[in-house]
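> Residues per chain, in single letters:
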Amino acid sequence: MTKQRKLSYLLNLIGVAVVFAVMTLLFAFQGFGDSTTYVEGVCTTACYTIIMVASLNLVVGFMGEFSLGHAGFVSVGAYASAIVSGALAGKGLSDLALLIVAVLAGGLVAGIAGMLVGIPALRLRGDYLAIVTMAFAEIIRVVFCNLEITGGGRTMSGIPKLATFHSSFWIMAVCVTIMFLFVRSRFGRTVQAIREDYIAAEASGINVTFYKVMTFAISSFFAGVGGALYAHYMTAMIPTNFNFNYSAELLSEVIIGGTGSLTGSVIGAAFLSALPEFMRQFSTYRMLGYSVVLVLVMLFRPGGIFGRWEFSLTRLVKKIAGRGKAKAAAAGALPQAAEKKGE
Amino acid sequence: MADKTTEKKVPVLKAQNLGIQFGGLKAVDDFNIEIGESELVGLIGPNGAGKTTVFNLITGVYKPTEGSFYLCGQRMNGKKTHQIVHAGIARTFQNIRLFKKMTVIDNVKAAMQEHLTYGLPQAIFRTPKYWREEADITKRAMELLDVVHLSGKENLEADNLPYGQQRRLEIARALATDMKLLLLDEPAAGMNPTETEELLEIIDYIRDTFKISVLLIEHDMSLVMKICERIQVLDFGTTIAAGTPAEVANNPRVIEAYLGKPRKEAAKDA
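First to last, the sequence lines map onto chains F and R. Its first residue numbered 1, the first sequence is counted upward by one per residue in my numbering. Its first residue numbered 1, the second sequence is counted upward by one per residue in my numbering.
A portion of the hints provided could be inaccurate.
Claimed, not checked - Cut-off 35 Å, straight-line C-alpha distance, at most; resulting in silico cross-link-like pairs (DSBU-like, lysine-lysine):
{"#": "1", "chain 1": "R", "residue 1": "K129", "chain 2": "R", "residue 2": "K211"}
{"#": "2", "chain 1": "R", "residue 1": "K211", "chain 2": "F", "residue 2": "K3"}
{"#": "3", "chain 1": "R", "residue 1": "K129", "chain 2": "F", "residue 2": "K318"}
As the list claims (entries may be wrong) - Calculated from the model, a selection of chain F residues having no Cβ within reach of chain R, i.e. all distances over 12 Å:
{"#": "4", "residue": "L7"}
{"#": "5", "residue": "A17"}
{"#": "6", "residue": "F29"}
{"#": "7", "residue": "I83"}
{"#": "8", "residue": "G86"}
{"#": "9", "residue": "A130"}
{"#": "10", "residue": "T155"}
{"#": "11", "residue": "K161"}
{"#": "12", "residue": "I194"}
{"#": "13", "residue": "E249"}
{"#": "14", "residue": "Y285"}
{"#": "15", "residue": "L288"}
{"#": "16", "residue": "G289"}
To be verified - Among the chain R residues that face chain F by a calculated CB cut under 8 Å, a handful are:
{"#": "17", "residue": "T81"}
{"#": "18", "residue": "R97"}
{"#": "19", "residue": "M102"}
{"#": "20", "residue": "D106"}
{"#": "21", "residue": "K109"}
{"#": "22", "residue": "A111"}
{"#": "23", "residue": "L116"}
{"#": "24", "residue": "L120"}
If you're looking for bench data, these hints aren't it; they were derived computationally from the structure. Idealized CB from N, CA, C, for every residue including glycine.
Given only the sequences and the hints, what does the whole structure look like? Please build it.
Printed below as a string of structure tokens:
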């Protein structure tokens, strides 16, 4: 049992590493010709978008509550991390260490903000909660527009460019893994029970409010991490970047990928953040194409592309291996092993 | 008040003058009950009599506006539902409320909050404690599923179970909370006679094995008469009769509540 578990961890680590190696090699040897740098940029964007979308999926998919204010927490993380890295720059920390400190700071501040917003807001459900989260995100944006330290309504620029594809990829892998482990633990089970029926959850001894606030805070934490990477990749930002449109974009990526599937969030975010870029050649028509894709997915896969299905490398390998061996061996195999996913 | 009860055996549930008022409507008024250990008490009454409201009061969904209730001598008024569950009162619902899109076994595990003590870091780093506790509750959940004759179905989605099995799964989920008092809200509703028979066996079995008391709301009179040791009858929020099944069945007020008065008297009242 333990051996199988370790094997499964190793397998997933190898899986993530292979994806990383392939990408790195492609970028190193100009695999995309002249546009390699550009593609690398798109991939970095995809990495932090994945973190944001997956974290939103914790709330929307697993807890079953609509949040239209995720960009607010992203911006909290972005600004907090930028302020921290600005203060610590030139203190002898290496780029990577500085990035990690900034990312953690961004995540923590966003997580605390999520908790503070969540305590009053999560008394509400459904549409009401959606509107309140939207309002909170607007409040956050307006506050940043008026604070001295964030540069007011002007662009906050000169943030050190610490995030590269390499660091973003690994931070993304770690974040998605943690979220996955969260979902596959008693916390995930509890949160899903709340989604299914909060009255029954309460009657089963679950402190619904506590777990909702907790999940919201964790979701905000990772939103902040995503925001921190955003800040240190873009190096400049303005509060209006994190407006309602940005929240709606993240939400649509969650829904397209599949509410309640982290695999869906990873693929959905990667795909949808790359899609508008790769459609640039159609210039003005690209947003039309993007919309058409959204409509089609909603028509044919209302639960999102992946629904609630999760990709498991262990399962896949077992399946491939099982074809060679006797089927009897596979009969008792439960997909119990914890999987990591990396894309 | 609690002191008086400690002298003799403390009843598992004791309600004193329990009541709730919604605006001008007294949904439940002056409700008194005492349930001893391993006792099975039936709560019956016509539709709208306030039976489910009593359940909602005892489980903390509603806050009583009058009176108080005690679990094993401990005052429970004003506690939140999940706190009451932890103290030892669990329930099932009249209209089944399962975690539909979760597996059967996860439904049971979700109710095992008390058994799990590992925290967030332990979940993320998958410490030995995590594995041990998860293995423990999986084992326990399997045992409980066995009790309600659902073994072999643990990996199905709860939504895909037939009706009778969904009802039984709800009982297993309630059992998972480790309660002292089980409230069953019409457990046999919509079941065919064979399913009802099986349910009766299960209720008997869990009473004997887990030493729990049961308060049961049921419309199926044959079932109520067969298994309940005592019955309390509600009508318009007030208790109109209480006693053994035989006493209650012959009580004129009970018959009146169920079948109505002779026409002339009814017209006078209206």
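> When the hints from earlier in the document are held up against this structure, which numbers fail?
Hint check: 2 and 12 fail, others pass.
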